[in-house]
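**Student:** The residues making up each chain are set out below.
There are 2 protein chains.
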Amino acid sequence: MKATIKSIAERAGVSTATVSRALANKNSVIKPATAKRIRQIAQEMGYHKNVGASQLASNINNTIAVIVSYNQTNFWNGIIKGILQRAHQVDHQVIIFSAGSNDPQRLMQIVNEALEHQATGTLLISGRIDPAQVAILKKSHVPYRLVSIYSQRHPEQHFISSDNVAIGEEATNYLLKKGHRRIGFVGIDHSSTGQQRLFGYQKAMAAAQLTIDPHWVCYGDYSYQNGQELFAQLRGHGLTAVVAGSDMIACGLIKMANQTGIKVPDQLSIICIDGSPICEIANPPLTSVTQDFFRMGVKSVDNLLNNERSLFIPTKLVERASVKQLN
Amino acid sequence: MKATIKSIAERAGVSTATVSRALANKNSVIKPATAKRIRQIAQEMGYHKNVGASQLASNINNTIAVIVSYNQTNFWNGIIKGILQRAHQVDHQVIIFSAGSNDPQRLMQIVNEALEHQATGTLLISGRIDPAQVAILKKSHVPYRLVSIYSQRHPEQHFISSDNVAIGEEATNYLLKKGHRRIGFVGIDHSSTGQQRLFGYQKAMAAAQLTIDPHWVCYGDYSYQNGQELFAQLRGHGLTAVVAGSDMIACGLIKMANQTGIKVPDQLSIICIDGSPICEIANPPLTSVTQDFFRMGVKSVDNLLNNERSLFIPTKLVERASVKQLN
DNA sequence: TTGAAAGCGCTAACAT
DNA sequence: ATGTTAGCGCTTTCAA
Chain A
1 MKATIKSIAE RAGVSTATVS RALANKNSVI KPATAKRIRQ IAQEMGYHKN VGASQLASNI
61 NNTIAVIVSY NQTNFWNGII KGILQRAHQV DHQVIIFSAG SNDPQRLMQI VNEALEHQAT
121 GTLLISGRID PAQVAILKKS HVPYRLVSIY SQRHPEQHFI SSDNVAIGEE ATNYLLKKGH
181 RRIGFVGIDH SSTGQQRLFG YQKAMAAAQL TIDPHWVCYG DYSYQNGQEL FAQLRGHGLT
241 AVVAGSDMIA CGLIKMANQT GIKVPDQLSI ICIDGSPICE IANPPLTSVT QDFFRMGVKS
301 VDNLLNNERS LFIPTKLVER ASVKQLN
Chain B
328 MKATIKSIAE RAGVSTATVS RALANKNSVI KPATAKRIRQ IAQEMGYHKN VGASQLASNI
388 NNTIAVIVSY NQTNFWNGII KGILQRAHQV DHQVIIFSAG SNDPQRLMQI VNEALEHQAT
448 GTLLISGRID PAQVAILKKS HVPYRLVSIY SQRHPEQHFI SSDNVAIGEE ATNYLLKKGH
508 RRIGFVGIDH SSTGQQRLFG YQKAMAAAQL TIDPHWVCYG DYSYQNGQEL FAQLRGHGLT
568 AVVAGSDMIA CGLIKMANQT GIKVPDQLSI ICIDGSPICE IANPPLTSVT QDFFRMGVKS
628 VDNLLNNERS LFIPTKLVER ASVKQLN
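Which chain is which? The protein sequence lines are A and B, in order. If you use the working numbering, the first sequence corresponds to residues 1 to 327, in order. If you use the working numbering, the second sequence corresponds to residues 328 to 654, in order.
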């Protein structure tokens with residue numbers, strides 16, 4: 001038999017109410033001696049509160065549900081760390097639900113599961129926005145935030161995201177400042193995130209009065225494998241530099257460049273978006289426009305619990321040896 | 328007001344029992360028409376079952392609690408994927424609790440939180456074994472398994488792990504077969520995992536009748552940063568090859584080797600343990616003794632739910648360009 | 001095929 | 001300082 005408040009009460013010769021009070025540390029009310037005795041017994045019996053029952057009775061819930069829909073990159077890793085830290089600070093629990101793939105049906109199911117746990121609020125971390133899932137969250141009457149997702153096509157008030165237009169722009173401008181003119185943009189996908197980054201690139205190029213050859217833009221899926229494949233498509237267009245849609249894409253490009261005898265950064269400069277520790281390991285190390293994922297996690301929690309307004313997390317540029325100064 | 332079974336019942340003009348049956352898809356009992364109507368209403372009202380209440384009433388729980396205590400490496404990523412897949416197959420939910428650091432106190436708290444959710448069983452994924460946490464799990468009367476942890480010093484019946492002795496042995500033997508004699512062992516820590524790997528190395532060396540110079544073994548913490556630091560300690564001992572305790576350690580070594588003008592694998596061959604996709608990206612790509620983490624995840628679920636006995640997951644060797652054939 | 005009612009483990013008035 | 005009691009949302013007998 002699993003230990004319950006009732007079994008403890010019997011053993012201790014008190015009422016369940018007293019046990020409840022003792023275990024909730026309501027020290028102002030209860031006699032220290034009994035409280036101690038009861039806690040001792042609970043300990044011995046291997047008791048663990050049934051949160052379900054507890055919530056049911058008190059209508060209080062300090063849990064935040066986090067839903068992760070992950071794909072090739074691990075960007076959410078830093079976000080989770082930020083969430084955990086802040087949640088802990090404000091005395092909330094975190095339950096993570098992981099969808100493990102991009103199957104929309106499965107994700108939908110996970111969203112439902114998360115909602116069933118009656119959390120105070122829900123954070124959805126994903127690469128792409130899915131209106132159907134958002135609709136469910138909206139309907140649930142539970143506060144929620146979309147983390148790392150922002151779309152102009154599906155305007156959504158409740159997001160904490162990086163400004164992907166600014167990211168694309170910043171990366172491109174960095175290369176422009178280094179004197180590059182023929183700049184490619186490689187490996188983004190067709191999601192809102194990808195499109196916004198692309199738009200930033202276009203914006204920066206336009207501002208520099210440069211025309212973009214359609215061949216300079218290659219779509220992909222942010223993965224390492226894909227980076228290798230895309231390398232071939234870049235050749236023969238006279239590019240001196242590229243913005244890689246992710247660190248993994250950049251690693252794929254570097255690998256093929258090494259293999260083909262093309263020197264990075266001398267013959268081809270690379271800057272990447274979403275720089276993780278991998279940028280440091282790459283050879284040469286990758287310059288990147290990085291998002292402060294930890295801060296994004298922290299802010300997500302604040303935002304959710306205090307019902308603050310949506311915001312963009314600023315990005316930061318980390319310079320490493322992968323870009324060459326021209327002229 | 329959040330939608331409940333009661334509010335739905337009122338709207339539908341039926342009893343709560345009927346609603347419960349309709350939403351539980353007890354189609355054998357209920358009239359299809361009413362069932363459909365009720366589900367429709369629930370949908371409209373944005374209803375989500377309260378799992379807490381549901382479990383309380385039915386005493387049925389299909390949830391597996393997974394506790395992740397992570398540090399430098401991301402080895403648990405593959406494990407989680409395996410767990411998710413299998414759990415889904417056998418119709419169980421997964422809740423992930425993440426401890427985010429190695430703070431034992433915090434981890435203890437997380438273990439308790441997980442237990443409070445009254446899951447069918449608990450999986451603890453960690454790098455090092457902590458007897459206190461295990462004691463809590465033991466006492467909880469809830470089935471549990473230690474994933475990726477096995478210790479001879481703290482013998483524990485309920486584990487699913489790689490055989491770390493075999494891993495160290497296999498890595499070392501590979502280098503021996505390639506003709507190396509002066510082989511280092513770098514970057515493992517003092518946990519049971521590290522010690523077992525070290526023991527495997529010693530075993531293989533002894534079997535080859537080779538004496539190990541104490542300088543050949545360098546302790547560390549599996550991290551990239553640490554790999555860089557340890558490189559200096561390896562120099563001047565005439566090593567032709569090393570076993571790196573993790574992929575991150577190996578990357579750190581390679582980085583410093585590149586920087587120092589030492590050629591890998593010609594002047595120093597490297598094989599690493601725990602090979603992740605990073606091995607592929609490294610330059611040169613890393614040969615590794617890899618654990619099948621996905622399978623470990625799958626097996627953990629089976630093991631837990633069917634109360635099977637503990638087991639070691641076999642390892643596999645992935646050959647890449649980082650080891651040179653000598654003689 | 002549906003409803004009435006009891007009860008899961010816990011908390012929070014209210015009473016003592 | 002402690003006990004009594006009602007009830008949270010749901011499932012499940014038992015009865016109709």
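There's no promise every hint is true.
Restricting the straight-line Cα-Cα distance to at most 20 Å, the calculated cross-link-like pairs of lysine to any residue (SDA-like) are [claimed, not checked]:
(1) B:651 with B:556
(2) A:139 with B:377
(3) B:590 with A:258
Cβ pair distances, simulated, as ranges [what the hints assert, rightly or not]:
(4) A:132 with B:328: 39 to 49 Å
(5) A:23 with B:432: 51 to 61 Å
(6) A:138 with B:387: 42 to 52 Å
For the record, the hints were derived by calculation from the structure and aren't laboratory data. By construction, the Cβ of each residue, glycine as well, lies at the ideal position given by its N, Cα and C atoms.
**Student:** Residue 23 of chain A and residue 432 of chain B, beta-carbon distance inside 51 to 61 Å?
**Tutor:** About 19 Å separates the Cβ atoms of residue 23 of chain A and residue 432 of chain B, which means 51 to 61 Å is violated.
**Student:** Are residue 590 of chain B and residue 258 of chain A close enough, with their CA atoms no more than 20 Å apart?
**Tutor:** holds (15 Å)
**Student:** Holds or violated: the 39 to 49 Å window for the beta-carbon distance between residue 132 of chain A and residue 328 of chain B?
**Tutor:** violated (24 Å)
**Student:** Between residue 139 of chain A and residue 377 of chain B, does the CA-CA distance stay at or below 20 Å?
**Tutor:** It holds: about 16 Å lies between the C-alpha atoms, which stays within 20 Å.
**Student:** Given the hinted pair residue 651 of chain B and residue 556 of chain B, is their alpha-carbon gap at most 20 Å?
**Tutor:** Distance of about 24 Å is beyond 20 Å: violated.
**Student:** Starting from the range 42 to 52 Å, see whether the pair residue 138 of chain A and residue 387 of chain B falls in it by beta-carbon distance.
**Tutor:** violated (30 Å)
The structure fails hints 1, 4, 5 and 6 (numbered hints given earlier, in ascending order).
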